[in-house]
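A.B. asks: Sequence:
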Amino acid sequence: MSKTEDQVVSQAYISEIARARYEEILFHISNNLRNIGKDGMLPEGVVLLGGGAKMRGLIELTKARMRLPASLGVPRSEEFIAGTSIADPSYASLLGVIILSRKYARQSNKKTSFQFDSWIQSAKSLFSKLLP
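Counting in the working numbering, the sequence shown runs from 8 upward without gaps.
Note that these hints are calculated values from the structure, not bench results.
Using N, Cα and C, we set each Cβ at its ideal position, and we do this for glycine too.
It cannot be assumed that every hint is accurate.
[What the hints assert, rightly or not] Simulated restraints, written as ranges between beta carbons of each label pair:
| id | residue 1 | residue 2 | range |
| --- | --- | --- | --- |
| 1 | R41 | S115 | 31 to 41 Å |
| 2 | S17 | V81 | 23 to 33 Å |
| 3 | G52 | S132 | 14 to 24 Å |
| 4 | N38 | Q14 | 27 to 37 Å |
Go ahead and model the full structure; you've got the sequences and the hints to work with.
C.D. replies: The following block contains the structure:
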């Protein structure tokens, strides 16, 4: 088959490949949590973000592999998404970064600049609050 010919791949085959990769990712996350003594101990469970998080069966797979509650993260900031199609997990990470960057721009009174170091510190602070 030449490189210019279209190939048909079944949805079941793609799902099989995606599931294997998700299982691998969840395995590594679980191992990392175990290494820091937090395996099965995230108070709010796992929140899945991004377009891939909408894969059928991923929430159930995550619950089973991580032994934690799992949910689909949906942006809820009224400031950005009230009544728009952005209220979708595909945009959750992007909107989070936008909200954080606007917050830090306001704090520094520099609307056009972005202080990367302060953003990193705030991200660390946020993640440390998520751990019990």
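A.B. asks: Compare the structure with each hint and give your call.
C.D. replies: Going down the list of hints, with the structure as the test:
1. For R41 paired with S115, a C-beta distance near 39 Å keeps the hint of 31 to 41 Å intact.
2. Between S17 and V81 the Cβ separation comes to about 30 Å, which falls inside the hinted range of 23 to 33 Å.
3. Distance hint check: the CB atoms of G52 and S132 are about 21 Å apart, consistent with the given range 14 to 24 Å.
4. A hinted range of 27 to 37 Å holds for the C-beta pair N38 and Q14, which are about 35 Å apart.
Going down the numbered hints, you'll see the structure goes against none, and every one checks out.
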